[in-house]
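Got chain A sorted already, so can you dock chain B onto it with the hints?
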Amino acid sequence: MKKILKITLFVSFMALMISSCKPDNDFSIGQPQNRLMQLAGTWKLQSVIQIDLIAKSNNFIDQARPDVSLTQLDITGIAPFTDMTVSFANDASNIPSTFAINYGAAPKIFKLTGGTWEVDDLKAPGNITFISGTETVSTILGNVNNLSAGMLTLKLIKSQGAKPVIEYNYNFIKN
Amino acid sequence: MRKILILFILIITSAVSFAQFSTVQFSPATFTGDDEVTFTIDLSGTPLEGESDVYIWIFANDGSANTQYPFAGGIATNTEWTNSPVAAQFTNVSGNIWSYTFTGTELFGLTPGQLKYFQFLGKTKTGNKQTTNSPQYTFAPISYVPATYRLFPSRMNQDDAVTIFFYQNLSSELIESRMTPVSVTVTMYDNDNNSYGSPIEFPVEALGGKLFKFKSFIPSYSWNVSQGVILSRFTYYVNGNYFDVNGATIVVSAPLNSRTFDVLQ
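First to last, the protein sequences are chains A and B.
All the letters of the first sequence, read from the start, carry residue numbers 1 to 175 under this note's numbering.
All the letters of the second sequence, read from the start, carry residue numbers 176 to 440 under this note's numbering.
Don't read these hints as lab results, they were simulated from the structure.
Mixed in with the good hints, there may be bad ones.
Derived DSS-like pairs: lysine-lysine, alpha-carbon spacing no greater than 27 Å straight-line [to be verified]:
(1) A/Lys56 x B/Lys291
(2) B/Lys388 x A/Lys108
(3) A/Lys163 x A/Lys111
(4) B/Lys304 x A/Lys56
(5) A/Lys158 x B/Lys291
Over the 12 Å line for every Cβ pair with chain A, so calculated as not near, a few chain B residues [claimed, not checked]:
(6) Arg177
(7) Lys178
(8) Thr205
(9) Asp209
(10) Asp210
(11) Gln243
(12) Pro260
(13) Thr307
(14) Pro310
(15) Gln311
(16) Ser397
(17) Val404
(18) Phe418
(19) Gly422
(20) Thr424
(21) Ser428
Derived list of chain B stretches under chain A, where covered just means 3 residues or more per stretch with a C-beta under 8 Å from a C-beta of chain A [unchecked claim]:
(22) 331-338
(23) 361-375
The beta carbon of each residue, even a glycine, is placed where N, CA and C say it ideally should be.
Next comes chain B alone, as it looks inside the complex:
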């Protein structure tokens, strides 16, 4: 009974945390530890709704067991819980929407290679009100980290050639790891998060050793994007052949992935 209660509390806490930070947006969308990054958050519905001054308490690598990523609090921000400094102050965008800008290496005093993720919470100057801890937000690695999917290049907008690589040997998902890849289906979304045009399937090219790449595409060219239309992101999933219980070939799809476009000049 006690274990069920603890589990219930954890689930509720996670749900509340997710809801409080569901509006967080980053610019740029992908950033390394030495990039200047700005994020915005809508504090409506949180304990800080309506506050005229909001401050940050920010920390990196909390809970990481890897000594390559040591824990670090914001040097200029996490000085005194009951009297947050100016350096910790959010900038009001409008209403309950606030923004904060920082560079990881400067804020935490760590090298880009030591920064894996960060979290933050919002608070009043005295700390009498606060949000919960945010989810972990990941710094882009400065050394290659193998993953099931690799998008080339690491930064892109709608006018760049995009290539999707699929490292099937790194997948732990049952269907994804066992299917014979055939194609990838890509769907584009505009700035209002509406799908743009129709999804397009791009064929696979096997590179051997369970590594696959799909035909490269230029979003604005392949989707014939009209002048002035800005695409915000795209989703993709791999399609492949598998077998049903009777041994007949069936077509299956791997889990969906999403990628937000970067703002590039």
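Pulled out of the complex, with its shape left as it was, chain A reads as follows:
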């Protein structure tokens, strides 16, 4: 008898719990990240990583020296890269407008010093293009989720014909 009572109470309790569950119709996911606002401002170059895309795609490994990477190198220290700053400005409608690059003594990695800049998608930019007259430099925006934390990665790919062969990752922090 006692056992039947316990089971009945348990089943009733479960029925009550299940019937009190209601679907949550609140599908809001918060405000979208405004990447263009996050990009606006001045960024200072912190590090440069060089990647051999042929070695990487073919998974080159030196079995005798696995501690020595055959695919990438940190080349930050070979020149005063950290002298360099990049500034992005948007217009009143938050559309990309002008950029300015101060290299200091750093190599002119983007060749250009000022002009206009564009993105491929205003809401979810994946590429940033620097434009000065007829000259353009295309970069890939890496790690967009880090923008809100004041970190920016611009990737530059060099090709041999149609074949990508070298990638440079330029890592900046917000000034």
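Only chain B this time, still in chain A's reference frame:
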């Protein structure tokens, strides 16, 4: 006497072969088996000088004892010696300068990993005139192949950071294998093959186990290359300390190496 005669003939044949192919240039300078590559050759001074139509007979891995690299003739080109097809035709650039474009994997029906080197000869359509066989031209490997020197990255132009690695334990050259490396001397050359600026010495960094790397450099930056100047290649040699017969320390240099820049966008 017979052996001397055979040796003499071999030496002369090699010299003639080298001379016939000394003008060959590749674009890109470094290529794997699945890259499209174009080479040019000046046939002046060869049996094909002045010909209006030149054809190729091309083959890969000839003489390789490694079964990973099987012999293969050009599928579309080496069809009939006395009647070469259109696919084997060189393109005339100007005068006696001809070019030919191919992709190794397509031409030989092998995978990139099976292509070690190729050779070719030039011929008339009927084969009544021909050059000698070319030297071996190497395909860049698609797996890592240890060598005494490794340049990083594998493709580069004058605006790229260049790092020279020296695997001294792989050297079979007496001085090179025994010296204590100190620096590498690098010399740049312009498109006219004239040296550009002054040679620069970059210091060594020991990585242990007879592996060394030298301070990386960006040619256009380190040599302060003027706008519009194109560098074609650079040479480098390692400098180090060694001992003379009396045990005194002397400075020696390893053999010279050369690297042609790639055309990159």
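| task | Compare the distance between the alpha carbons of B/Lys388 and A/Lys108 with 27 Å, and conclude whether the hinted pair is satisfied. | result | holds, 25 Å
| query | Holds or violated: is the Cβ of B/Pro260 farther than 12 Å from all Cβ atoms of chain A? | reply | Given that every Cβ of chain A is farther than 12 Å from that of B/Pro260, nearest at about 26 Å, it holds.
| query | Since B/Gln243 was said not to touch the interface, does its Cβ keep a gap of more than 12 Å from each Cβ of chain A? | reply | B/Gln243 clear of chain A: closest Cβ-Cβ about 16 Å, beyond 12 Å.
| task | Count residues of the segment 331-338 of chain B with a Cβ under 8 Å from any Cβ of chain A, then say if the count reaches three. | result | holds (count 6)
| field | Least C-beta distance from B/Thr307 to chain A larger than 12 Å | value | Label holds. Min Cβ-Cβ 31 Å, cutoff 12 Å.
| request: Mind verifying the non-interface call on B/Ser428? Its CB should be farther than 12 Å from each CB in chain A. | output: Non-interface label stands for B/Ser428: nearest chain A Cβ at 24 Å, farther than 12 Å.
| message | Cut-off 8 Å, C-beta pairs, minimum 3 residues; does the coverage of the segment 361-375 of chain B by chain A stand? | response | violated (count 0)
| request: Decide, holds or violated, for the assertion that all CB atoms of chain A are farther than 12 Å from the CB of B/Arg177. | output: holds, 46 Å
| message | According to the definition I'm using, a residue is off the interface if its beta carbon is farther than 12 Å from all beta carbons of the partner; does B/Lys178 meet that for chain A? | response | Its Cβ never comes within 12 Å of chain A, the nearest being 41 Å, so this holds.
| B/Val404: least C-beta distance to chain A exceeds 12 Å? | holds, 15 Å
| task | Could you grab the alpha-carbon distance between B/Lys304 and A/Lys56 and see if it respects the 27 Å cut-off? | result | violated, 45 Å
| field | Distal placement of B/Phe418 relative to chain A, Cβ over 12 Å | value | holds, 28 Å
Checked against the numbered hints above, the structure violates hints 4, 8, 9, 10, 16 and 23; every other hint is satisfied.
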